[in-house]
Amino acid sequence: MPDKTSTFGSEGVALLVPEVRSGREALPAELCLDIYRLMVRSRVMEERMIKMSKSGQGYFWIGGPGEEAFNTCLGLQVKKGHGPAYDYLHLHYRNSATLLAMGMPMIDALRQMAMTATDPHSMGRNFPGHFACRAWNVLPISSVVEVQYVMAPGTALVQKRYGGDGITIVTGGDAGTAEGDFASCMIWSTRPGNELPVLMIVTNNGWGISTPASTQHGEKHIIDRGKAFGIRGEVVDGNDVVASWHALRRAMDYCRRERRPYMIEAKVSRLYGHSSSSGAQRVWDEVDPLDLFEHKLTEAGLLDPIVLSHIREEALAEVEAAVEQVLREPMPQPSDVEKYTYAPSPVDVVYPEDYTGLP
Amino acid sequence: MPDKTSTFGSEGVALLVPEVRSGREALPAELCLDIYRLMVRSRVMEERMIKMSKSGQGYFWIGGPGEEAFNTCLGLQVKKGHGPAYDYLHLHYRNSATLLAMGMPMIDALRQMAMTATDPHSMGRNFPGHFACRAWNVLPISSVVEVQYVMAPGTALVQKRYGGDGITIVTGGDAGTAEGDFASCMIWSTRPGNELPVLMIVTNNGWGISTPASTQHGEKHIIDRGKAFGIRGEVVDGNDVVASWHALRRAMDYCRRERRPYMIEAKVSRLYGHSSSSGAQRVWDEVDPLDLFEHKLTEAGLLDPIVLSHIREEALAEVEAAVEQVLREPMPQPSDVEKYTYAPSPVDVVYPEDYTGLP
Amino acid sequence: MATLVQAVRLALHYGEEHLGVTDIFGEDVGPPLGGVFTATQGLKTAWNSPLDERGIIGTAMGIAYAGGRPVAEIQFCDYGFNTIDLLKVAGNQRWASAGNFDMPIVVMTPSGSGIRGSLYHSHSFESWASRLAGWKIVMPSNPLDAYGLMLSAIVDPNPVLVLLPKALLRVRGEQKIPGEPDSEEELKARIDAPIGDRSNWKPRWPDVQPYYVPIGAAALVREGDEATVISYGRTLPLCIQAADHLAHETGKRCDVLDLRSIFPYDWKAISASVRKTGRVLIVNEDTEVTNYGEHLLRRIIDEHFYELLVRPRLIAGKHVPGIGLNQVYEQNTVPQLPLIQDALRAVLTEEA
Amino acid sequence: MATLVQAVRLALHYGEEHLGVTDIFGEDVGPPLGGVFTATQGLKTAWNSPLDERGIIGTAMGIAYAGGRPVAEIQFCDYGFNTIDLLKVAGNQRWASAGNFDMPIVVMTPSGSGIRGSLYHSHSFESWASRLAGWKIVMPSNPLDAYGLMLSAIVDPNPVLVLLPKALLRVRGEQKIPGEPDSEEELKARIDAPIGDRSNWKPRWPDVQPYYVPIGAAALVREGDEATVISYGRTLPLCIQAADHLAHETGKRCDVLDLRSIFPYDWKAISASVRKTGRVLIVNEDTEVTNYGEHLLRRIIDEHFYELLVRPRLIAGKHVPGIGLNQVYEQNTVPQLPLIQDALRAVLTEEA
Ligand SMILES: Cc1ncc(C[n+]2csc(CCOP(=O)(O)OP(=O)(O)O)c2C)c(N)n1
Ligand SMILES: Cc1ncc(C[n+]2csc(CCOP(=O)(O)OP(=O)(O)O)c2C)c(N)n1
Ligand SMILES: [Mg+2]
Ligand SMILES: [Mg+2]
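Residue numbers (this note's numbering), protein chains in the order written: chain E, 1 to 359; chain H, 1001 to 1359; chain Z, 2001 to 2352; chain G, 3001 to 3352.
Don't read these hints as lab results, they were simulated from the structure. Remember, it's a predicted structure, so these values are computed and weren't measured experimentally. Positions of the beta carbon are idealized from the N, C-alpha and C atoms, including for glycine. One or more hints might be untrue.
[Unchecked claim] Keeping only pairs whose Cα atoms sit at most 27 Å apart, straight-line, the calculated BS3-like set for lysine-lysine is:
1. H:LYS1227 x E:LYS227
2. G:LYS3318 x Z:LYS2268
3. E:LYS339 x Z:LYS2268
[Stated by the list, open to error] If the Cβ cut is set under 7 Å, some of the chain G residues that face chain H in the computed set are:
4. ARG3054
5. THR3059
6. ALA3096
7. GLY3099
8. GLY3216
9. TRP3267
[What the hints assert, rightly or not] Which residues of chain H face chain Z? A few of them, derived with a C-beta cut under 10 Å, are:
10. TYR1059
11. ALA1114
12. MET1115
13. PRO1128
14. SER1143
15. ALA1175
16. GLY1176
17. SER1277
18. PRO1334
19. ASP1336
20. VAL1337
Bound conformation, chain E alone (with noise of 0.2 Å):
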């Protein structure tokens, strides 16, 4: 049975609302349903992509598949839109389940998918997850490793200045943090007097491909290399909902507020290896955010079998419609090669409109 009579976090308001509770946090019912019904939804529109990429109506997969639980707190709690009054998302190849919690329409991600001219993130360009969305300052995701933390001190610098409270959120797994850029990161958010506001995370599923971070990385927690700097960061279990929520939302608050970098350091788990390309089989030895989530949500009397399989199926339901309607959607013809490779130009004497081959 949900607890009826406890606060909304720590906020200490007293509400009389259900809530679910791990340790000393909690979060109230409606919104646990919520996050639940995202991460499931995630879930199944990543297992439908991985069926895609066997089957030949895509041809690699990769994406968020573990880290759902982390991933649906933080798209619900950035401050969406677009310019600096709002957050800054440099995301990793793995957050399919922050767009989703933002909103994103689950087609869109299909469209990355199956490669047609309507995938508005890349025009069937880019692999799959690798959004891109200018009206909620979704910077576009690369494969590069890393390089979105060399990008975050920029835009946290115009935020920084701008006023308000929009953050610069910037995700990336745990190998990559032995990039440079990962150092640089932490170095141009402190410069005395300009520190900015950074919520640096760093999704750790323990693996970089085939190596194990235990055998690569000497440090204890990756968020202890912003001490040196003075960046506060904490450690969360990234498979539990109400935790992860609370750790992002201590962190953004103190990034809107204080205008400083803050560093998570989420422990997630990969349950479909590291992509279609090590042929993403289902990993049943490492915890599952949806299960367990799921657990918890029946023990406090949330969920039943009932329900479960009712928004398993409508998720289900919804990802079959998507896909079936992206199948019919047009593909990129010959002449898009050389589409969107420059923006108009007033002072541009050869490529005015766009580039349109050689001069």
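Could you slot chains H, Z and G with the ligands onto chain E? The hints should help.
Chains H, Z and G with the ligands in isolation, oriented as in the chain E frame:
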């Protein structure tokens, strides 16, 4: 008067030799006089080189006035030789005192300054202070800031495997630690089970050309960055000979014995600005380690004005003789442009001996 | 007349005041130094960065994403080689995101030899840069063009790399920048930071006016019917000298094209001239294997092979690992006047 | 027959056993994976590195300084663009130190398109690489050459970059590697790691023999008097197909040169063939602005301009910021067979 009844360093061996103290640490008088002589020789040589850069006997000067105390102590403690049994030196462009302390003839530095064909470090190709010395494992110093830090783990890896007590020593400036390569060195030197005997030195003069470190670096101490990786370290007054000697001794002992990395941050002075590009004018508001040591030795009764001026005269004579000699030596020839591009190869049918222009 | 580096500074000032430039930054770009070549002295948005080129390019990208207009400096192009991946990414952001994001950044950097820079301050960058799809690359050879190209670079909503010829930074032009004071002394007094303490110094900016050199437009700096000489940057003035000398010596006049834009290049101008003359000399100082001039040559072969009267030539730098400090190296590694003159003489006088 | 990637593995094994290779390393190079393309499975000196390409190149340099013989892998050439400065430094160590230090490192990396790699797994590297003075660059197009070039790369005391054509890694050759078992199944059983748990797996290496493809030697893979086709890597087999097809269609036979070494290239072979045929087609898939093929074209113009019967051609990839995942992009960005065939037909049939 030198104290006559104390111990050499912290080794606990009671020696009845005169010694020079700094705080609780001490060095034998003999050694101090050797160090002093080397420091004077370095200073005099660098000042002569500055003169050459202004008189047209060279084009450019960069070097180490202000780092003589620390760098001399470094050079004297290096395990000098060729191959992995000996120390590898990945140095910075301010290390002339290190090389002189190791025994490099002054004239070789001046040959590079004068860009003669006899310059053993680069055949008149590189800037002064850009040494390369195969016999002593002194790897080519490059102007590209910080790249030496990504090479250091490689030599150390071979040394760890080889056994013995040879270590890898890498030095660089404070501003350069903002490059990702500094972080890479820490990561590659602390791979679990593969920790490497790398002594990471930062000579912190508080400047990167015109930019004060205090405006760009949020770390209190640069070596604090090592903590997350379990890298021990210490900050030392690099203007204090006795302190520098012992910090280096401890660091080297640790690396040699434990086969793990260690960091030293030496606070040093920059007495002639960044380089000849910024005028190479004497700066008077920074501590001069040579003055300091001169004063200390004089106080201790080891130096008097006569000895002092004798040492200086000797050094001046040495440098003048060397310059005179150097200016008579041959210059590189047009045909030298391509020399030493390739080492002879038994499997290359186009360039079996060396590069000879386009195929 | 302003020097090239003063022209850049005036353009950046104009950019700050009128074109929305928000950040001019890089190593030693802000006070007190204002750039190792003084290009950024006195600018109100100039600031010093950490010594980290990857951070410089990345931060510029971030500023642009968030609506700022950054001009980032890489202190010497020689130190930009650890950022090629980022430059590639910057060049593909619009393409990769199918138009979601533009990337209006300007990167400026001194390029080429001629300042006794030894191994790491003598490289050229244009051949590398020309391979960065999605970028525009410009390289002025005189102060007025530097001013006009810099303004265009700022206004263009795509990433633009401005290569400044190291050897010409202190050279004065023949034409005034619109709004430039009458005397060099006055200009200097107004905008050059004093030697010594600068803490209270403030520039007194002249009221410079807009002047755009379009991207993709070459300048025909000498006209003639006998040959086409194509160059830019440090070697451009040498080509003019060579052409003038040979006009005098042989009576034959050449077109000399100052390319100004490396990409996109002014194919119309090249093509028209080559068609007219049938004789071609391309000159630059970058290394000669996979050299940008070889691309131009290939285009000429593609479209004008049968109109060529004699073998077209490329003069470039030697394919060696560096340029040595002793001037014997530099003189014998990158093209100097005699070499250019000899090549041009051969092009002009070879029998068709 | 061994696949190209098996050939590389066999060469590395030979290198470990007989040529002093001490370290084969890079991202996912060691157990359990043995490389994302399986090039390093079962090798006794293979180890996994941190995800840090700069560290990989730097560490390789350090190992070489200290007397080791490293073979470092960059997982995809697309991820080597943040190391260009280090590659330049590696290429200049001997030159800069006037012979004090050699730099015997091998870097291997998959290059080019053809594996549906989208923006960041489809780039080519040879044009960039050819600009790295002090390096040698090779690129095999079949397993035996891969074996022989890898052995030469290891033995050569200079930095050698081995570009492995992504599209051909799983292709089998027509010639056996000396010592290779008779059947493909046996080879596979002996040296391919099993799917699943590999913790107890050990390869049973065949006793492969030394076989060196000299650096700087092209292979004439088709012979004819009518035209010269120069290629390497992924486009080489396409050129063979095109030449065979056109021999059939027109009765005209071409020389097809598999360059194998990008630098130094086999100028003697190119020159002899061009002199013989007077017709030239150069094919690669790298982007077309400042493309390595343009260098070859320039050399041909330099030395054989007056011997050319028709306009020489270069077929290369489009100058766009990336190669899109949808195959419509890839097919229309990098050369495919029809394009090559049409170009060769034009070269062969154009009237002189
Ligand atoms: C710069 C760069 N190097 C190598 C790769 C190839 N690669 C893709 S993902 C990956 C591992 C990333 O591991 P981690 O950062 O932990 O992220 P995860 O995939 O585990 O979420 C590698 C090596 C790449 N994409 N970019
Ligand atoms: C990669 C790189 N970027 C820029 C430069 C230009 N540069 C030369 S020295 C220097 C400052 C170095 O400062 P620091 O690392 O503190 O060393 P210091 O000169 O103070 O000893 C700069 C920016 C360079 N040489 N290399
Ligand atoms: Mg990971
Ligand atoms: Mg410094």
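Please name the hints from earlier in the document that this structure breaks, with their numbers sorted from lowest to highest. none
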